[in-house]
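Sequence lines, in order, name chains Y and C. The C-terminal position of the first sequence is numbered 77 in numbering that gives the first Met the number 0, with every residue numbered one higher than the one before it. The C-terminal position of the second sequence is numbered 552 in numbering that gives the first Met the number 0, with every residue numbered one higher than the one before it.
Treat each hint with caution, since some may be false.
Okay, the calculated beta carbon distance ranges per label pair [unchecked claim]:
#, chain 1, residue 1, chain 2, residue 2, range
1, C, Glu-291, Y, Ser-74, 20 to 26 angstroms
2, Y, Ser-74, C, Thr-100, 32 to 38 angstroms
3, C, Asp-143, Y, Ala-63, 56 to 62 angstroms
4, Y, Ala-18, C, Asp-247, 44 to 50 angstroms
Computed cross-link-like contacts, PhoX-like style, restricted to lysine-lysine with a CA-CA straight-line distance of at most 20 angstroms [stated by the list, open to error]:
#, chain 1, residue 1, chain 2, residue 2
5, C, Lys-486, C, Lys-551
6, C, Lys-486, Y, Lys-15
7, C, Lys-486, Y, Lys-21
8, C, Lys-486, C, Lys-552
9, C, Lys-64, C, Lys-180
10, C, Lys-401, Y, Lys-41
11, Y, Lys-15, C, Lys-324
12, Y, Lys-21, Y, Lys-5
Hints were generated in silico from the structure; no laboratory data involved. From the three backbone atoms N, C-alpha and C, an ideal C-beta is built for every residue, glycine too.
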Amino acid sequence: MGRPVKIQFPLLGQHKGMATSKQPFATSFLMNNMRLYDVLDKRARGGQRPGLTAWGDGDLIGDASNPVVAMCVVSSIV
Amino acid sequence: MAISLTEYISIRRLVAVSNDEIWWEDNVATGSMTELDTSAYPIDTTDQLNIFEAYQKAFVVNGAKLGVADFINTKLSTADIRPNDSTNIAPLHGTVLTGGTSGATMIVDYCNAVNGAALVYGFTTSGTFDEAGEVITGTNISGDPTAVSFTLDALPVAPPHWYPWTVYNNDEATYGVMPNKAYLGCLYNGRTVLSGNPESPNNWYMSRQTNPWDFNTNATDDQAAVAGHSSDLGELGDIVRSLSPYKDDYLSFGCANSMWTLFGDPRRGGAVRELSLTTGNFGANSYCWDNENNFYFWGNNGLYRTQIPGNPQCISQFKLPRLVKTEAASPLTHRITLVYDRDRHGILVAITALATGVNSNYWYDLNALDEQEIGAFFPESYPATCGVYSGVYYDSNTPSLKGMLLGNTDGYIRVFDDTVKDDVVGEQLNAINSFVCLGPMPMSAIPQRNGTLSGIDLTVAGVQPSGDADDSNDVDFKVYTARTASKTMALATANTGPNIAGTFAGPGNVRGTTKRQSVRAENVVFRLQNTAESESWAFENMYAYLSDSGRKK
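So here's chain C without its partners, still in its complex pose:
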């Protein structure tokens, strides 16, 4: 028997926001982006803005501008959604509509009016609504009357669409009231969640389950909308800065000085418990999860990690103490974005000055855990044009487009590419200033004595003769010595006046590589670096030739 399989896939698309514009990936094979027309309901990217996926749409949360980029529904237009008030009614969410002449069918998702001119958005399940003048009918599951009948006054419009996010039918008497402003949003347990309302910054608002258009909290069923805040009983509650849903299991509220977690559904046995009363979360996107359900966030004292439930641990405290003070980042002036890179198994912590794009970043590598199970911090810097303002791991249907995407200062989306040795800005190649300081280390094996460095030998990646893509380029070195370890560190940090300097030729270890210059001191630091355009390097091994040279004087 012949077997025929028809592959049925969902399409993942990237949506990006910049310059008061929303762009979407119209060609998922090449990663081509196209602007979505938002002119009828413009957004403002000079204000805070967040975006989340729900129900095959992107919900945009931009203060007073709450909008929907809809990638699934067909738009129908009518001059009168309820032509006869005694026998007709506007369709409900979920009503099935049928075209009188085309026979096309649609499941209604959203309708923006209860009477008069209206737009109806729904998923077309069969056929095509084909012409203006077609009469559309259906029957609501409840209400009185239940008959839906209206006439199209324009051709149906295929997705995508952009429209205001309001309650269903714009009928606040039936579907409740959304907050006047919101800057935070997410999808949790089938509910669209809003928070960051300046009028009530400690509160959160959840729509009805499976219906992002219903915010009526007066309904009493388990799926009805709900609002609340996260605090101990009787307390006002902290200002919410982030919403961090994890599947449908729990939702963490990152507040200014505390963290709270909602377990389960608030309408059905859910519970809010404190995650931490000693740290909050920096901002809307200052969190991520790794592949082992560990929750990371930038808190009051640096980078934190926890499982939920659990107690957050400041994992930067020991290795990078006073990190928050060093970075001097404020939510008013900086954006901190955390993204877990599934491919490289690490977390990018990007700290960017909002006004300039000047940045300070850390690659937190989960491949190099120490005995306390804490990963390795690798500081990084990018050109100001490549400052990170947003990030997402994109599991594209097209393998070559998968990866950790970074939304940058100059309006481009970038990725880390192992084959690229510069930071590319248009036609300009920006050399990566990469360096590492090794040490400080005592030069004599006997404590409190001087030593002599008589030679250095560095082997870099690759083999002679050069020419392969995996060959390392040359590496510059500088040697700093001093009486104390602190002094050598200060000298190496200043990067001026080394005792010895030179270049190790790559790739591999060229004959005669060993540098035979000598210097006598108590402590030494080696600084290796490459600052050249279109070059990269990797360390293989290194030896220093040291001997005792007597008492220090």
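The shape of chain Y in the complex, shown without the other chains:
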């Protein structure tokens, strides 16, 4: 076996701005759907992003062929 070289997870995210042979420390030239904090134990070690799931009661706003184009939060006393 050769010498063990520690491979760093790209905690500083994607970086495509330097020479290909000078990839900055703790960055990646290509990644997708990864984040700094993992969802399994909430540690800053790198992991798959959380999944998207319906909010609240999961009501369909309008119909499935039209996007939710705007949202806001209104505070009222009644």
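Place chain C on chain Y using the hints.
Same frame as chain Y, but now just chain C:
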């Protein structure tokens, strides 16, 4: 002495717009949404639409359709708001009305007519206006006459209501004129602000302070309505694309190719100054603030950050150069939404094709700042059905409903959920294709020489035996080698024909995990990924076993 406290809270509600409909959260304990009846004054969501909160209402700005979703007022109806022209008059904004038989009282907010049939919206401060035929009276603070007296012709209606946003009494002679169209709106310093008028795209219009129904700019007092544009003196001014108020301190105008900021109130010593003459803002919702008063927006060259006052810095320029060209997003075909996630301390930059929902997104993580204080960009993609068209951080009264909400292509509102390992669309689970490329790195410690990779060892999250919720699933790996770093990157990007491939079993580090296959080359890239449904993974540590293997040939 016994102390009794009665908790008095304001209720936060989510309002969402889709399919020409406005929905509101009628059960704030469960997040249940109900449609608000907009049939009397329909909106058009195929046109641009924005929405903002002011005075316990949601103001909807939809071109020629300007409307109000009112969550606070009681609606009174009368066949004649001014039955006797010589002794009566319509109530003013702020007049207190009293029911003749019920004794109920109301502070008038809005009245839609100066004479004849009218609707009066006001906050009921005591009692209940209880029946048709009740005579309502009050006294205006000014004018001649001042006596208000009218008879209800229908039962009062509790909120919410939906009605057109007009000037008070629909009386343009007294309360001014609103723009014929507007696509941008916000609340700033007690004024409702409109802009994005195609007839005058460089102008903005502000209502009187504390009165969203008064746009009369001829009044001369400090609180009166005001209109203007943001430019150097004598210049026409740039096209306004976004209104970004920050508390009551300042209002930024994001224009096509410039940024301007109004400090203070325009009627009382306020000043408009340029924020940038080299970048504009992409769109109405392409901005946000973090928790340290930093202003972020998508500008002409990527993602920008500034404090106000300050000079915007393109924070994506060094790490993701030519980002705007890469994304090829146009305001005509794409929507770019920025939302600051208070819980995760990062910003979601969502770039979505309006026609299809196809998306390209970046999670800008503020927990990982580099030496230039620039955060980390993590690219993300979602199913087209989950393309982001709108977003808001919802600080709900119900803790389980708090979070960054995303309005998606398929008419659902979604959140990121740490316990969910897929993107959920109805009953369908869409596996998250997550991967990361590590390297390129030279395989020999001596420059310009070949090296040999003789083993790889990856430890993923969790511990054996598996079964805990925080255990990582298996991770596939591929090794790409080549003479140059560029070539290894191209191979890893293409993701075909790896030199070595396999799977590391999770969780933790299973005995015998080390992969002992060897390959000789000059540069290496490791690609780790998981594309399986209902699986997730996290990195703990990784070692590659490398040795020098002589001169390159």
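Do the hints match the structure? See the list:
Checked against the hint of 20 to 26 angstroms, the C-beta distance between Glu-291 (chain C) and Ser-74 (chain Y) comes to roughly 24 angstroms, which is consistent with it. Ser-74 (chain Y) and Thr-100 (chain C) have their C-beta atoms about 33 angstroms apart, which keeps the hinted 32 to 38 angstroms range intact. Between Asp-143 (chain C) and Ala-63 (chain Y) the beta carbons are some 57 angstroms apart, a value that agrees with the proposed interval 56 to 62 angstroms. At about 48 angstroms, the beta-carbon gap between Ala-18 (chain Y) and Asp-247 (chain C) stays in the expected band of 44 to 50 angstroms.
The hinted pair formed by Lys-486 (chain C) and Lys-551 (chain C) meets the criterion: a straight-line CA distance of about 15 angstroms does not exceed 20 angstroms. Using a Cα cut-off of 20 angstroms, the hinted pair Lys-486 (chain C) and Lys-15 (chain Y) holds, with the two alpha carbons roughly 15 angstroms apart. For the suggested pair Lys-486 (chain C) and Lys-21 (chain Y), the alpha carbons sit about 14 angstroms apart, so the restraint of at most 20 angstroms is met. For the suggested pair Lys-486 (chain C) and Lys-552 (chain C), the alpha carbons sit about 16 angstroms apart, so the restraint of at most 20 angstroms is met.
About 7 angstroms separates the Cα atoms of Lys-64 (chain C) and Lys-180 (chain C), which keeps this hinted pair within 20 angstroms; it holds. Simply put, Lys-401 (chain C) and Lys-41 (chain Y) have alpha-carbon atoms about 18 angstroms apart, close enough for the 20 angstroms limit, and the pair holds. Note on Lys-15 (chain Y) and Lys-324 (chain C): the hinted pairing holds, with a Cα-Cα distance of about 14 angstroms set against a maximum of 20 angstroms. Taken as a hint, the Lys-21 (chain Y) and Lys-5 (chain Y) pair is honoured in the structure, with Cα atoms around 17 angstroms apart against an allowance of 20 angstroms.
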